[in-house]
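Taking the hints as your guide, dock the two standalone chains into a single complex.
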Amino acid sequence: MELAFLFEKLILVTILFVLTLSIAAYSTWAERKVAAWLQDRVGPNRAGIFGLLQPLADGGKMFFKEEIIPSGSNKWLFIAGPSLALLVSFLGSAVIPFGQNIELFGRVVPLQVTDINVGILYIFGVVSLGVYGIMIGGWASNNKYSLMGAIRGASQNISYEIAMGLCIIALLLVTNTLSFKEIAEQQHSWHWNVIYQPLGFLIFIICAFAETNRVPFDLPECETELIGGYNTEYSAFKMGAYMFAEYINMFVSSAVMAVLYFGGYNYPFMDNVNALLGPTWGPLIGVAVMFIKIIAFIFFFMWVRWTIPRFRYDQLMDLGWKILIPLAIANIVITAIVITVVDKL
Amino acid sequence: MSLFYFVAFLTILFSLLVIFTKNPVYSVLYLIATFFTFTIHYILLNAQFLAVVNFIVYMGAIMVLFLFVLMLMNLNKETEPVKSNLIKIIGVIAGGTLLVTLIGSIHALQTTAASATPNSEIGLVANLGKVLFSEFLLPFELSSLLLLSAMVGAVLLAKKDKRTQNG
Chain A
70 MELAFLFEKL ILVTILFVLT LSIAAYSTWA ERKVAAWLQD RVGPNRAGIF GLLQPLADGG
130 KMFFKEEIIP SGSNKWLFIA GPSLALLVSF LGSAVIPFGQ NIELFGRVVP LQVTDINVGI
190 LYIFGVVSLG VYGIMIGGWA SNNKYSLMGA IRGASQNISY EIAMGLCIIA LLLVTNTLSF
250 KEIAEQQHSW HWNVIYQPLG FLIFIICAFA ETNRVPFDLP ECETELIGGY NTEYSAFKMG
310 AYMFAEYINM FVSSAVMAVL YFGGYNYPFM DNVNALLGPT WGPLIGVAVM FIKIIAFIFF
370 FMWVRWTIPR FRYDQLMDLG WKILIPLAIA NIVITAIVIT VVDKL
Chain B
3 MSLFYFVAFL TILFSLLVIF TKNPVYSVLY LIATFFTFTI HYILLNAQFL AVVNFIVYMG
63 AIMVLFLFVL MLMNLNKETE PVKSNLIKII GVIAGGTLLV TLIGSIHALQ TTAASATPNS
123 EIGLVANLGK VLFSEFLLPF ELSSLLLLSA MVGAVLLAKK DKRTQNG
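Chains as they are written, first to last, in our numbering: chain A, 70 to 414; chain B, 3 to 169.
Among the hints, erroneous ones may be present.
Unchecked claim - Straight line, CA to CA, 30 Å or less: simulated DSSO-like cross-link-like pairs of lysine-lysine:
1. A:K213 <-> A:K134
2. A:K213 <-> B:K85
3. A:K130 <-> A:K213
4. A:K413 <-> B:K132
5. B:K85 <-> A:K144
6. A:K391 <-> B:K161
7. B:K161 <-> A:K213
8. A:K134 <-> A:K144
9. A:K213 <-> B:K24
10. B:K24 <-> B:K90
11. A:K130 <-> A:K144
12. A:K144 <-> B:K24
13. B:K24 <-> B:K85
What the hints assert, rightly or not - Here are some chain A residues the structure puts well away from chain B; computed CB gaps all over 10 Å:
14. E77
15. L85
16. A163
17. T244
18. V342
19. W350
20. D387
Derived by calculation from the structure, the hints in this document are not laboratory data. Note that beta-carbon positions come from the ideal geometry of N, C-alpha and C, so glycine has one too.
The shape of chain B in the complex, shown without the other chains (with noise of 0.2 Å):
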């Protein structure tokens, strides 16, 4: 139980400051350590097949290309545009929204049983393919369609871009 406080501890100091770094690049690679956080949190839960999915796809995959974009745009502290009150003030008005808005829905939810995991194998992968396969088959391929269109559009957009150059 230790291990989690401390855990959950380094997840919310990184997340803290992915906020208050000002270099956009150190954000990243703070957010990188927080996902890294999370693992550790998906391993304590003996969830070992989502720990490892979250380790290869936002770690290894998305975060670099986060990385990627940032470094070929070469953001600066000194290139950072400097933002104007109107635009601080929106931000304070919908962060605080988003803030009511998660501490009303964590009010609403009943926490009082202390959920026991129904099964804690249910973590490993073939547990987890034989449910992910039968009992929520639909919302899985409805997904899987939902990232599929992503992708149709991300090569329709770049297509439409190099026409664009040649011509």
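In isolation and in its complexed conformation, chain A is listed as follows (with noise of 0.2 Å):
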């Protein structure tokens, strides 16, 4: 039994680092042909059929590019920068549930690997912890335009955790619990958490595109001023982990405003189709819609780059708090009136 646990973790765990991996290698070929279809250009197509097999390609250049390290700069931190931030950004994967539970070879499978009773904290810390990778990268380079764009990240992270935190409040007092699994369950069909939190809603997607760095919040590494912020110095594949960091940080947040907002693997009639296909394909169509969900809120974070120019430094930070605090505990207050209102009648 313990063993058997065991290997079904593993299992679970291997598939989704490979999943998070391939999703977020063909994330950069998406935000190309994204970016084409938008600016009405071709994008990659000479790397296999549609340019699929552009990632590989991109991948190996990384391998094989000559790795520099500044002579004035702080090798281990230099080194750990790169690493930290892609071992953070996978870490967030551990809680999110991606179904119901599977009848698989006659045992029930959780579709999560693991299900702690404080997982969105747990994820908030992931998040605030995502901001060293950049900072110490930023530093050690020994760079005025790389350490510009650490500081940069540092105190954007940090102003918009506030109201990303304030948003979850207010989710907590619709929801009540703060395991992933139960909120997942709660919004069983078409009882999605955006319907009772709009406003928490939008207040949050924008704090993801302030945490993940997507443009129109990508200070950190802002061309246009800082060359390319905190990575200006990095090369070959400590270039290529930041890279890869910042798009596994996208798959991650969407993956969580899906289950936190939008229902997850719960979609209108489920019951109707899990009594019709059973326990196993059932459950299978859930995973298959929070894909499909997953993916659109990443389509939506591309959208969102080849439309909306970068911010100015004060206009992120106005934005950040006397719009977007402000707003957040505005929405607490309703949201608390309501509830009590309502549980009154």
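What follows is the structure, encoded as structure tokens:
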């Protein structure tokens, strides 16, 4: 029993790891294709059909390029920066439920690596660790542009974490639990949290853009002002690690948003489908639905990137502190009042 | 139990490294590692909520700010001011006094009954919340007022600085 349990988790972790890597790799391809589509170009089309082998070609290129460690840099921290960024980005997906319990070979398998009862706070903690990769790398480069990028990254993450935390508080008032699995189960069929928390979701998604350093909030690597920001001095695979970490963060935050606000693996009339297909194929449809939602969010990230220009730094801070935080607090107050009134009725 | 000793060893090792490293940025990084081992201690005690909050608040927020300030000032080994002997002696006396106080307080504590945790489930979110909002409501609210006053003070300081700059 114990061994079977370990084996089951090992397989699940391996699948999740490979899946995360391949989604991140193909996000780089999709980003170029989406950019090309929005700008009426063709995009990558030389490696394989529709350029589908492009991520492999890019990966190979990154491995074989020369690794340059600047002589004035702090060698160990220079290597630790991208490693930490990549490591931390993988941690988040451990608590995300990708589907209902599924019956495989006579065993009921939960499609979640671990269900800790403080799941949301865990994600929040991992997100707040993400900034260390950027800070350490930027500082260790011994380059003023890198340092500027690193410092921008730190202040931006801390500012937007507050608004994000306040959104989560409002969500907790609705769900009454911190466990991802219970939150996903509560949103059965069409009772998605976005219906009860539209404003909270809006603030959350803006904060997610800021936390993953995506356009319009990619000020840590703002090319026009800072050359390349925190990764100016990086080359070859270390550069690739930072880029990969960004895409993995995007995948994890899309998954978190899908579970917290858009019902995760739930979809309307799922009971009928489950009754029709049985306990193995029914949950698999749920997993497919979950991934459709995640891919839709990733597409949204890319769509915004090629639509909205970058913010100025003071505008970013104004938006975070003077607009999002008061709005999030108002959201908490309104949610609390509505819940109290509804309970009394 | 052996896991506890291993983690405790790491905690002490990292905290010693915090003190003995010359470079302040390294010190902060070792301090982060120390806080991480604290998180593991909390998990071993089944205090999941405390573990995660320690993780978010200390490792995720406070230490980022520490690192932020140190990187902004860009302190290096070369720029570190040479401390005079007087300061070193004062430091030794102050540290020695603290050591005596700590040893005295440990001595005064009756550690005979290896206090068996009254309720091993107390560290879970729901139980902790119930205790905080019933039995310990007053201290809880008072400590939040303390934080609020600190925040008001910080805002006041920041504002004053701006006015002198403009005028």
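Hints violated by the structure (listed by number, smallest first):
none
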